[in-house]
Amino acid sequence: MADLDITTLDTWMLREPTSRRGYCVLRLKTKSGLAGFGECGEVSVAEIEAAKRVVTGRAATSYEAVRIQLSGAPRAQAGINMATLDLVGKFTKAPVYHVLGGPTRHRVRALASLDGAADEDLVASLKARHSAGFRAFAVPLPPVSARNQGQAFAEAVSRRFDKLRAVAGDADFVLSGAISLTPGDAGRLAAAIERLHLQWFDEPCPLSNLSAVRKITDESATPLGFGRHIEQSGEVQDALREEVVDILRPDLARHGISQIRRMAALAETYYVAVAPHHEGGPIGTVAALHLAASLPNFFMQHIPIPSAEADRRMRAELTGGSVETVKDGFVALPTGPGLGIAVDEKALDKYKERA
Amino acid sequence: MRRREFLAASGIGLWPVRPAAFAAQSSPAPDAFRAVGSRVRVTGMKVFGVSLTPDSDRPYVFVKLETNQGVVGWGEATLEGKAGAALACLEDFREFIIGADPMQVEHHWQSMYVHSFYRAGPVMGSAISGIDQAMWDIRGKVLGLPVYQLLGGPFDPRGVRGYYHADSEDRDELLRLRQTALREGISCFKSGLPEYYEWIGTRAKIERAVRHIQGLREGLGPDIDIAVDFHAKTSPSVATIICKEVEPVNLLFIEEPCPPENVKAMARIARRTTVPIATGERLIAPYGCRELIEMGAIDILQTDINHVGGITALWKVAAMADASGISMAPHACEGPIGGMATLHVDAAMPNFLVQEICSGVQPGMKEKVWEEWFGFPAMRMVDGRFPLPEKPGLGFELSEASLKKFPFGGTRPMARVFHEDGSVAEW
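If you read the protein sequences in the order shown, they are chains A and B. End of the first sequence sits at 355 in my numbering; the numbers just go up one at a time, nothing left out. End of the second sequence sits at 782 in my numbering; the numbers just go up one at a time, nothing left out.
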């Protein structure tokens with residue numbers, strides 16, 4: 001399979017003009033001239049050099065064997081994994097989700113974050129995102145001013161959702177905890193908001209001491225989302241075994257497609273769904289769609305659409321037209337070979353901050 | 356408005372909506388996947404019962420899927436002692452499979468498993484395994500790659516490390532086996548225990564078991580890995596005593612030190628000895644392996660690609676095991692299709708240890724038939740490894756005509772053995 005031997009790895013460190021969100025686009029080229037693209041978080045030049053030493057000369061089809069050897073380049077690993085799968089898909093003239101045994105679904109449920117801190121700002125953001133096609137929204141907690149929050153805090157949370165539901169009766173909500181509560185506070189709040197029937201309470205506290213976290217699930221029926229800081233599958237297994245997670249949220253930029261598929265296999269046997277965490281760019285979004293269509297236990301994908309028009313334009317330019325369009329709460333699957341997008345290298349150069 | 360959009364808009368555009376209390380949608384599902392699927396469709400399914408000898412207890416159960424593109428796929432659903440049930444269960448899945456897009460193998464796996472309502476035991480697990488393997492064979496052929504490359508392998512381009520069985524107790528024979536192994540690059544053998552054991556062991560039997568294992572090491576030497584299959588003939592009490600005695604022999608693993616139903620009992624044996632414990636050949640689906648993996652007690656998992664749920668399930672089980680640092684040594688003691696399918700998954704596992712095949716160093720009648728069928732010595736090692744197929748799919752061609760020489764001899768039970776007092780023994 002010498003055709004698929006990787007000859008070069010090039011990178012573009014990009015930054016959105018307004019949000020200042022940064023991500024790295026990686027391109028692998030093969031001896032036969034195919035180009036495969038992937039995306040990861042911000043990554044050092046030294047790490048990219050380490051990754052080049054691993055991937056050069058390797059067949060894109062041995063993407064799992066390559067992945068394992070990238071322990072010295074843990075950030076780049078995610079992007080290289082996407083790029084190798086893009087190459088396999090392009091070589092086989094099939095979408096990546098066909099290569100991986102899908103599609104398991106024909107469209108992908110989408111989640112948007114609401115912008116703002118005050119209720120009025122969130123309501124305005126909800127209206128905008130709702131008319132953009134989203135039907136599920138991640139909502140921040142009201143400001144957490146002290147430990148051991150009392151009734152006023154629980155009421156502020158409830159009030160926030162009352163206001164949001166008043167403008168979008170068909171909306172579903174995720175409460176983003178942003179790791180800002182103690183397990184005890186999170187447990188009390190989770191119980192207090194049980195009957196709001198949120199989709200889940202996301203990362204209310206650190207996922208470190210699992211018996212402490214277990215207080216939350218012991219005290220309430222509110223589903224909990226955890227996982228964005230998880231590095232290893234073993235940590236996923238611990239969280240599942242301790243019954244502290246209802247929806248698994250591994251970080252796309254950290255793990256790529258393959259590693260999340262392996263974590264999802266663990267979660268499946270606990271009847272736990274997967275909603276990958278994604279705060280990166282549009283190539284990552286496309287990779288997430290292929291991942292979603294390969295998993296039986298996928299639930300929802302966060303689509304990190306920026307609020308500034310300039311940022312949205314940049315994302316659309318990178319992928320030769322926006323791939324992040326949402327209709328009735330769902331994103332369509334790409335259908336072309338590989339990741340199914342035509343990455344615009346001129347746009348990559350235009351927005352490049354560094355290599 | 357196209358039909359798909361209408362169905363989506365009306366909220367019934369999902370795969371068959373037919374819970375009893377709701378309006379049943381009795382026709383086949385609307386083709387919701389038309390825009391995102393492939394053009395390949397399964398148009399036919401043929402099942403074959405193949406008895407190498409008329410009294411075989413494990414007639415091969417093969418399944419062949421035909422497609423509208425002319426590509427065919429083969430899979431194996433052999434279930435020892437229950438061939439008739441496996442053949443019948445494959446027929447039960449016919450409706451699931453005809454018209455299916457084999458690219459969506461994960462989707463069909465889920466449908467066969469979930470929509471069967473009663474969760475899979477060995478019969479259903481074997482039928483799903485056969486269909487899953489055949490779909491992967493088609494997928495590889497359509498996409499133009501061997502299955503192990505679709506899975507991201509190989510980890511080791513030299514092939515898949517394997518072991519043969521060595522059932523001798525004779526010292527000279529073991530010494531000859533050692534010479535052959537060193538000459539041919541074979542790095543590992545597996546043997547069994549010499550007798551049947553009650554749940555409390557007599558001293559003489561336990562000592563003979565220990566001596567057998569020590570004799571294997573003395574005959575095969577220090578540089579050949581040795582595994583011993585207890586085959587669930589022992590209870591936790593008996594197994595633990597034997598394990599403690601043979602710790603100094605440094606076995607690669609001992610296998611199934613007790614029957615598979617009670618995971619805590621298995622874990623207890625593992626906790627009481629340093630001998631690596633392998634088990635899992637009788638487990639079905641990733642769900643069936645969860646508790647064993649979660650307990651973190653065992654060292655090696657041995658799920659069988661013909662029972663666990665095919666390539667899809669074996670891959671998932673390996674990923675689950677990897678999270679616990681458990682190695683994979685898949686079981687294979689049926690026909691050659693499952694044997695070759697398992698090599699593909701092995702080659703894409705980061706936590707692969709060694710692959711079984713129930714053959715000896717010298718090929719017998721079975722191995723000769725396999726070579727006739729495939730035109731190459733299927734499941735025979737070269738330099739201690741099974742070579743990786745290079746052709747797309749599972750990597751072989753098989754003609755229906757070649758199977759006709761071995762007609763189905765009917766279902767035959769596996770061995771039925773009894774203790775001295777007439778009570779039922781595990782073998």
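Calculated from the structure, these hints are not laboratory results. Since the model is a prediction, treat every value here as computed from it, not as a measurement. Even glycine gets a Cβ: it sits at the ideal position worked out from N, Cα and C. Where hints are given, some of them may not hold.
[Claimed, not checked] List of simulated lysine to aspartate or glutamate pairs, EDC-like, C-alpha gap at most 20 angstroms:
#1 B:619 to A:120
#2 B:746 to A:238
#3 A:163 to A:219
#4 B:619 to A:47
#5 A:352 to A:3
[Unchecked claim] Pairwise CB distance ranges, derived in the manner of DEER restraints:
#6 A:309 to B:424: 45 to 51 angstroms
#7 B:447 to A:147: 43 to 49 angstroms
#8 A:206 to B:550: 53 to 59 angstroms
#9 A:242 to B:550: 54 to 60 angstroms
#10 B:626 to A:271: 37 to 43 angstroms
#11 B:745 to A:352: 39 to 45 angstroms
#12 B:715 to A:271: 51 to 57 angstroms
#13 A:17 to B:472: 33 to 39 angstroms
Cross-check of the supplied hints:
no. : hint                               : verdict
1   : B:619 to A:120                     : 55 angstroms, violated
2   : B:746 to A:238                     : 40 angstroms, violated
3   : A:163 to A:219                     : 26 angstroms, violated
4   : B:619 to A:47                      : 44 angstroms, violated
5   : A:352 to A:3                       : 29 angstroms, violated
6   : A:309 to B:424: 45 to 51 angstroms : 46 angstroms, holds
7   : B:447 to A:147: 43 to 49 angstroms : 59 angstroms, violated
8   : A:206 to B:550: 53 to 59 angstroms : 55 angstroms, holds
9   : A:242 to B:550: 54 to 60 angstroms : 43 angstroms, violated
10  : B:626 to A:271: 37 to 43 angstroms : 28 angstroms, violated
11  : B:745 to A:352: 39 to 45 angstroms : 41 angstroms, holds
12  : B:715 to A:271: 51 to 57 angstroms : 44 angstroms, violated
13  : A:17 to B:472: 33 to 39 angstroms  : 54 angstroms, violated
Checked against the numbered hints above, the structure violates hints 1, 2, 3, 4, 5, 7, 9, 10, 12 and 13; every other hint is satisfied.
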